[in-house]
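Colleague: Given next are the chains, with one letter for each unit.
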Amino acid sequence: AQTVTQSQPEMSVQEAETVTLSCTYDTSESDYYLFWYKQPPSRQMILVIRQEAYKQQNATENRFSVNFQKAAKSFSLKISDSQLGDAAMYFCAYRSPNSNYQLIWGAGTKLIIKP
Amino acid sequence: DAGVIQSPRHEVTEMGQEVTLRCKPISGHDYLFWYRQTMMRGLELLIYFNNNVPIDDSGMPEDRFSAKMPNASFSTLKIQPSEPRDSAVYFCASSVAGVPDTQYFGPGTRLTVL
Chain A
1 AQTVTQSQPE MSVQEAETVT LSCTYDTSES DYYLFWYKQP PSRQMILVIR
51 QEAYKQQNAT ENRFSVNFQK AAKSFSLKIS DSQLGDAAMY FCAYRSPNSN
101 YQLIWGAGTK LIIKP
Chain B
1001 DAGVIQSPRH EVTEMGQEVT LRCKPISGHD YLFWYRQTMM RGLELLIYFN
1051 NNVPIDDSGM PEDRFSAKMP NASFSTLKIQ PSEPRDSAVY FCASSVAGVP
1101 DTQYFGPGTR LTVL
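So the protein sequences, as listed, match chains A and B. The working numbering puts the first residue of the first sequence at 1, with every later residue one more than the last. The working numbering puts the first residue of the second sequence at 1001, with every later residue one more than the last.
Keep in mind the hints are simulated off the structure, nothing from the lab. In this text, a Cβ means the ideal position worked out from N, Cα and C, and glycines have one as well. Don't take each hint at face value.
Here are the computed distance ranges between Cβ atoms for each label pair [as the list claims (entries may be wrong)]:
| # | chain 1 | residue 1 | chain 2 | residue 2 | range |
| --- | --- | --- | --- | --- | --- |
| 1 | B | Asn1050 | A | Ile112 | 35 to 45 Å |
| 2 | A | Lys114 | B | Asn1051 | 27 to 37 Å |
| 3 | A | Gln2 | B | Glu1018 | 30 to 40 Å |
| 4 | B | Ala1002 | A | Asp26 | 30 to 40 Å |
| 5 | B | Asn1052 | A | Thr20 | 37 to 47 Å |
| 6 | B | Arg1041 | A | Thr60 | 24 to 34 Å |
| 7 | B | Thr1020 | A | Asn58 | 21 to 31 Å |
| 8 | A | Lys78 | B | Asp1063 | 19 to 29 Å |
| 9 | B | Asn1050 | A | Leu47 | 38 to 48 Å |
Please model the complete structure; the sequences and the hints are all you need to start from.
Modeller: In structure tokens, the structure reads:
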């Protein structure tokens, strides 16, 4: 069975600096999808970025980018120019193409932005 | 689009009472998911539907929990009777079939059972 591990329960970063959140996963599949979701204090889960395993290029969305290392089964999220509004819980998630769209979730990392 | 709509946003009830949570998915989405989030257990998938049909309810904790989707625009999650350990935030999410899919979450319902 697939698993997702986020080893950093909490991270903090100075405003305007860069921070990287780690995520590793375990799977025997060669094709799959990976996601980062953000959950601010409002509680709503918001999709930040997604990556398809068959694509070599790392996904990027404005200040958010991923470092996808397929061989190492690593999927880290880099946030550049951190802003106060980035403060939230960040969840990494995995989806198998054979899973009927179920997501497997990591435990989350709490990101604190220091002004 | 209004996004996924959940009601109520907060619910406080007493042990033994029936609780009904409601969800309206995004129009055109054919998958609907119910999740529960607690500090201890994180985010747990309870049940999901495809085209209004329950596909996998293995995450439903026990028979006190039931979920229905009578049509494409409405779903309910019912707890009867409720217990204090059911206190959590319950999320509904929807998605449309395709590659890659993305689940869009509602704002959640915070349930407190006294």
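Colleague: For each hint, tell me whether it holds in the structure or not.
Modeller: Evaluation of the provided hints:
Judged by the Cβ atoms, the range 35 to 45 Å given for asparagine 1050 of chain B and isoleucine 112 of chain A holds: they are separated by roughly 38 Å. In this structure, lysine 114 of chain A and asparagine 1051 of chain B break the distance hint of 27 to 37 Å, their C-beta atoms being roughly 47 Å apart. As the Cβ distance of glutamine 2 of chain A to glutamate 1018 of chain B is approximately 36 Å, the hint placing it in 30 to 40 Å holds. Between alanine 1002 of chain B and aspartate 26 of chain A, the C-beta spacing of about 38 Å keeps the proposed range 30 to 40 Å intact.
Distance hint for asparagine 1052 of chain B and threonine 20 of chain A: a CB-CB separation of about 41 Å, consistent with the stated range 37 to 47 Å. A beta carbon spacing of about 33 Å between arginine 1041 of chain B and threonine 60 of chain A agrees with the range 24 to 34 Å that was offered as a hint. Between threonine 1020 of chain B and asparagine 58 of chain A the CB atoms are about 44 Å apart, so this pair departs from the stated range of 21 to 31 Å. With their beta carbons about 45 Å apart, lysine 78 of chain A and aspartate 1063 of chain B fall outside the hinted range of 19 to 29 Å.
Against the hinted window of 38 to 48 Å, the Cβ-Cβ separation of asparagine 1050 of chain B and leucine 47 of chain A comes to about 20 Å, which falls outside the hint.
When the structure is compared with the earlier hints, violations turn up for hints 2, 7, 8 and 9 and for no others.
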